[in-house]
Every structure is written in C-alpha cells, then in structure tokens.
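J.: Residues per chain, in single letters:
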Amino acid sequence: MIATLHQPGLQTTIQDAGRRGGRHLGLPQSGAADRVSLALANAVLGNPWDAPALECTMTGPALEFEMDIDFAIAGAEMDARLNDEPVGGYRRIGAKPGDRLALGAAKAGARAYIAFAGGVAGCAFFNSVSTYIPAGLGGLHGQALRAGDVLRSRNTDTMAPVDIPDALHPNFGHDWILRATPGPDAEYFNPKTIEDFFSTPFHADRRGDRMGLRLIGAKMPCEDTPPMKSSAMFPGTVQCPPDGAPILLGPDAQTIGGYRRIAQVIDADLPLIDPARRSDLVPAHQRANRKTDKFAAAKADCLIYFRFQPSLTVAQFQPSLKRVGWPPSPHRTTRRAGRLTPHPSRSE
Amino acid sequence: MNTPTIKPFGERGFIAQLGGFSSDVDSGLFANAVARALRDKNGVDDAVAGIDTIAMRFDPAQLDAEQAHAMLLDAASNTPRNTRSVAAKVIDIPVCYGGEYGPDFDALCTQLKLTPEALVKLHSGAPYRVITIGFAPGFAYLGELPEGLSVPRLETPRLHVAAGSVGVAGRYTGVYSLPSPGGWRIIGRTPRALFDGREHHPFIFEPGDEVRFRAVTPSAFAAITRAQP
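Taken in order, these protein sequences are the chains called A and B.
In our numbering, each residue carries its 1-based index in the first sequence increased by 477.
In our numbering, each residue carries its 1-based index in the second sequence increased by 77.
FYI, nobody ran anything at the bench for these hints, they're computed from the structure.
Be aware that a few hints might be false.
The following residues of chain A were derived to be distant from chain B, with all beta-carbon distances above 12 Å [to be verified]:
no., residue
1, Met478
2, Leu482
3, Met544
4, Arg558
5, Ala579
6, Ala582
7, Ala621
8, Gly625
9, Ala637
10, Ala695
11, Cys699
12, Thr714
13, Asp744
Below 30 Å or equal to it, Euclidean Cα-Cα: the simulated DSS-like pairs (lysine-lysine) are [said to hold, decoys possible]:
no., chain 1, residue 1, chain 2, residue 2
14, A, Lys573, A, Lys584
15, B, Lys84, A, Lys696
16, B, Lys166, B, Lys118
17, B, Lys166, B, Lys198
18, A, Lys669, B, Lys84
As the structure is a prediction and not an experimental result, all values here were calculated from the model.
C-beta: ideal position from N, C-alpha, C; glycine also.
So here's chain A without its partners, still in its complex pose (with noise of 0.2 Å):
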C-alpha cells in the first residue's frame, strides 16, 4: 500500500501513456494530457517513462503514506508540501509511514503528476490503466479519485534514476505557440479563415476538459458544404462545430466524429495543449513556423523518441532535433537526448 488519499482534489487520475491502437473500437487514447511532465516525474525516480502516475488538475490531492517510497512532482506548479514542507518538482523525495503529501491549486500550468516508485496499480484494459472517465475505463474504478481510495504499487522494475537538469523543467509562465498542419477539412474554410486561425491568439474556454477545449478568439465559420459524414478524429484535431468556435481535441477525444477538421496540432506540441489552458495559444502553421518555443517542443519529441522510437540510436534521432530547431549545438542534442532514454546502454 503506497498512500491513501485524505482529499482527492479537484479531478485526479491515474494516467499514463493511454491505449495505443484501440481507436477502430471507439478506445480514446487516453493517458497523461502532458506526457512531457509525467516522463519527468517518471525518469526522476528510474521508472519507465510511462508508468502509471496521478495526473492531478487544477487543485491537487492531499494522502497520507503507508510506506517507505520514493516520490516525485512534475508539471504544473501546485504548492507542493510533505508535513507542511515546501518540496520541489523534479526531485526524487523519501516518504515515510505516516507522511502526509499535499498540492494545492495550481499557480502556473495547469495539470502535475506524481509519480511513485515502482508506478500505480490500476485496472488495466487494452494494455493501459489510464482512467477514461465516461466509460468509466482504467484508474481504480474508473473514475477520479476519491477521499478514502488506497494507492497501491505496481511494483515495475526501475532503472537508474535520472538527473532532470533545469534546463527541462517546463516553463508555464507564459503564451503557447501551437505547431499544426492544416486539417483534412480545411479546403471547406475560406482561405482567409484558415488563414486567420493561424495568425489568431486563441484563450481555451474554462469549462475544457481530458477530451476537448473550446478556443476562445475568433470564429471559424466553415463554407456551406454538404453535410460531413462522420470520420475519423485524433488527439490533437481542430474541429469546428456549426457556431464556428473551435474545439481543440485532447487525450480523450473521440474516435470519429462530424465537424470539419480545420487544423491537427502536431504529436510533439501536443503535451502543450494543458498547460496552455492557463493562457494564449497562437495555433501556428507548421512550416511556416520557425519561431516557436523551440524548447518546449524539442523535449516533447524526446517523448516520440521514447514512444515511437525506442529502437533508434541518438544518431538516428538528431534530424527529428534538428526539425524543430533545438539545441543549436549537435553535441548538446546528443548528451540531453542520451539522458532521457530509458534505456541507457542505447545512448552511447
């Protein structure tokens, strides 16, 4: 028994990297909404990047340890406290019976992940336990966590721990730029709407959630067109709806659906989208962007180095680097990228 949970927070998860392969069933991807932070939280403590881990929202769970454990914090900044002691992210920490772990409401960004040695048990379906709450799919019983809910561990075998430098620690404190290619759809919008939708700043409605966020900005009206007949959505679609607010899709999003597709978010940018909730996001068209938070993009394509490429060498992985312009020495890409991998002795 890891922790029970004293307060579960405002909507706390267990996630990690989602069902893969599932959507010709209607499965929703699922899984961490920022795959960057719940990597971090991850490799901080030797697990598998993608371990299950609590994905915390907004306002963070308070628990109390049954156990001796090694815990770490990533992403969003929460007021971290064990026994009313301010504690870092990115850190490996001891817990110890009787420790009492608390997060507050979120002061930059908007969802963190714990992650404890070893993972979270959960029911697993479809080779994942990420909670998929309208099906009530994955997590302890499907659904977020509750006051009394008893963590346990998953017991994965861990790895070295890795040193997270600075460097890495997300930065939320300011506007997103969105990398997106034009969507399926998008001959059906006026090329002065497409157009727009990449020059304008949007802000996400407030009531978003795992499967969608409705941007604020600017309309998308899309042209008379004959009625679509339901295809295919992923995570990261634009779709917009009869009243022409966008719907930016995430980790829940449905299978297929019927709203044009004005815009997908590329995979990489894609564990921006919930951190942006908290301020502007300027959707930018892929190629004619060069300019955009280089950073934060390059470490979200270590995680598609780590989920779609694990049988690459570093070598190999450097030109998906250099694609989105980060760093700007080979050398650095290298080391940071060897310091990621999971599996070290890939790295040379």
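Fit chain B to the known structure of chain A by using the hints.
T.: For chain B alone, kept in the frame of chain A given last:
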C-alpha cells in the same frame, strides 16, 4: 469515381475520402475492410474507418510519408469493393422502448406523427448492418434507418447516456456499448451486455454484423439483466 482522394492528416497521418458507393453501408463496410488490412501492416499505429473515409496514422520510425501514402492507396485500391456480401454474424438485440429507457421516445413519436407501436415496428422491423464502430467505445453505427425515422441530433448533447442505449440520428441508429456523453435521440435500451472485456475484441459489435432489434417489456428487460453475470 473509384480512386480515393488521399490527403494528409497531421504530420504522420493520411485520410482517404471514398467515392462511388451507392450507400453508407457499402462505403462503411469497404472502409472497414481497408482499415482492417492496414492494421495488419508494420508501422501502422491506427487505421480508423469513418462512414466514407479511412484515416491512417503511421509510426514515422518505421515508415516515411511516401511509404505510408502508398500503403493506404494500395489497400484502398486492392480491397474488393463489394464487402456487403461478406458473411457476418447476426446479433439479436432485445430493446425496451420508451419510458425511463428511452427518454426521447415520446417526443419522437410526436415529431414523426407516429403511434408508439408504429415507431417500434418501424425501428425493429428492418435488419441493420454495423457500418462502423467509433465515436465512443464500442458505439455501433447501424444503417440504414427507414426514411420515416430520420431526425437530426439533439441541439444539446447529453452529458451521460447509459450503456445499452439505442439512439437515432440522421439515417443511422446506434447503440452505446458503454456509458458516454452523446447527442443521439434515445428511444430505448437493451439489457444485453455489449462489453465483455475480451482483450482485442472487447465489444460484441463488429463492422459488417447484422443487427436485429426485438421489442421487450420492462419485466423482460429486468429478467435478461438478472440472467447475465
């Protein structure tokens, strides 16, 4: 026009728009056959059939964009187009229409100027095919609905639709295998468990299946519910 139009969908995806099919059942079953073929290939992360589209996302570590494009075009060109005739299982779905199980049933009768009996007969009279699965986990799009039953979606979707709910929207009827938010008009609910958690096939519906609805009473609903584990 039998050659699909293929467009990029994000930096690691493509979508094929199908044309030349005489019905949504035909295009949907073809899209699913293509998607199934693609899912067997290395480097394909997802292949999702819509009603008349196939979206594919690939792993850039295994495929480059040209290869992925060619793979989609090849699958869409070489899959037999007459997929409707492919044998599929027949699924019997008992439905308790109206009342607490079908909150939109009465309004639909009024709107369509049908008696409750006529609505039930119209909806349960015809066999349907599962056109595709999606939107929500295990949600089955069934088609096509008789002309007289076609209605738009709800203006404001419900935040919670119970598992087993049977809805109508446009030319389709659909079944929610698990609880979900949803905008379809709910006319009844099946007591039959639609989710059995099998590892790769956790839902009873599969594209191409033939579905027959059968009206049951509330007491039969309760009895079927009790008889299931």
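J.: Hint by hint, note whether the structure agrees.
T.: To see whether the hints hold, each was checked on the structure:
{"no.": "1", "hint": "Met478", "in the structure": "26 Å, holds"}
{"no.": "2", "hint": "Leu482", "in the structure": "24 Å, holds"}
{"no.": "3", "hint": "Met544", "in the structure": "31 Å, holds"}
{"no.": "4", "hint": "Arg558", "in the structure": "35 Å, holds"}
{"no.": "5", "hint": "Ala579", "in the structure": "30 Å, holds"}
{"no.": "6", "hint": "Ala582", "in the structure": "25 Å, holds"}
{"no.": "7", "hint": "Ala621", "in the structure": "15 Å, holds"}
{"no.": "8", "hint": "Gly625", "in the structure": "23 Å, holds"}
{"no.": "9", "hint": "Ala637", "in the structure": "24 Å, holds"}
{"no.": "10", "hint": "Ala695", "in the structure": "22 Å, holds"}
{"no.": "11", "hint": "Cys699", "in the structure": "16 Å, holds"}
{"no.": "12", "hint": "Thr714", "in the structure": "8 Å, violated"}
{"no.": "13", "hint": "Asp744", "in the structure": "7 Å, violated"}
{"no.": "14", "hint": "Lys573/A with Lys584/A", "in the structure": "27 Å, holds"}
{"no.": "15", "hint": "Lys84/B with Lys696/A", "in the structure": "25 Å, holds"}
{"no.": "16", "hint": "Lys166/B with Lys118/B", "in the structure": "26 Å, holds"}
{"no.": "17", "hint": "Lys166/B with Lys198/B", "in the structure": "23 Å, holds"}
{"no.": "18", "hint": "Lys669/A with Lys84/B", "in the structure": "21 Å, holds"}
Consistency with the previously given hints fails for numbers 12 and 13, ordered from lowest to highest.
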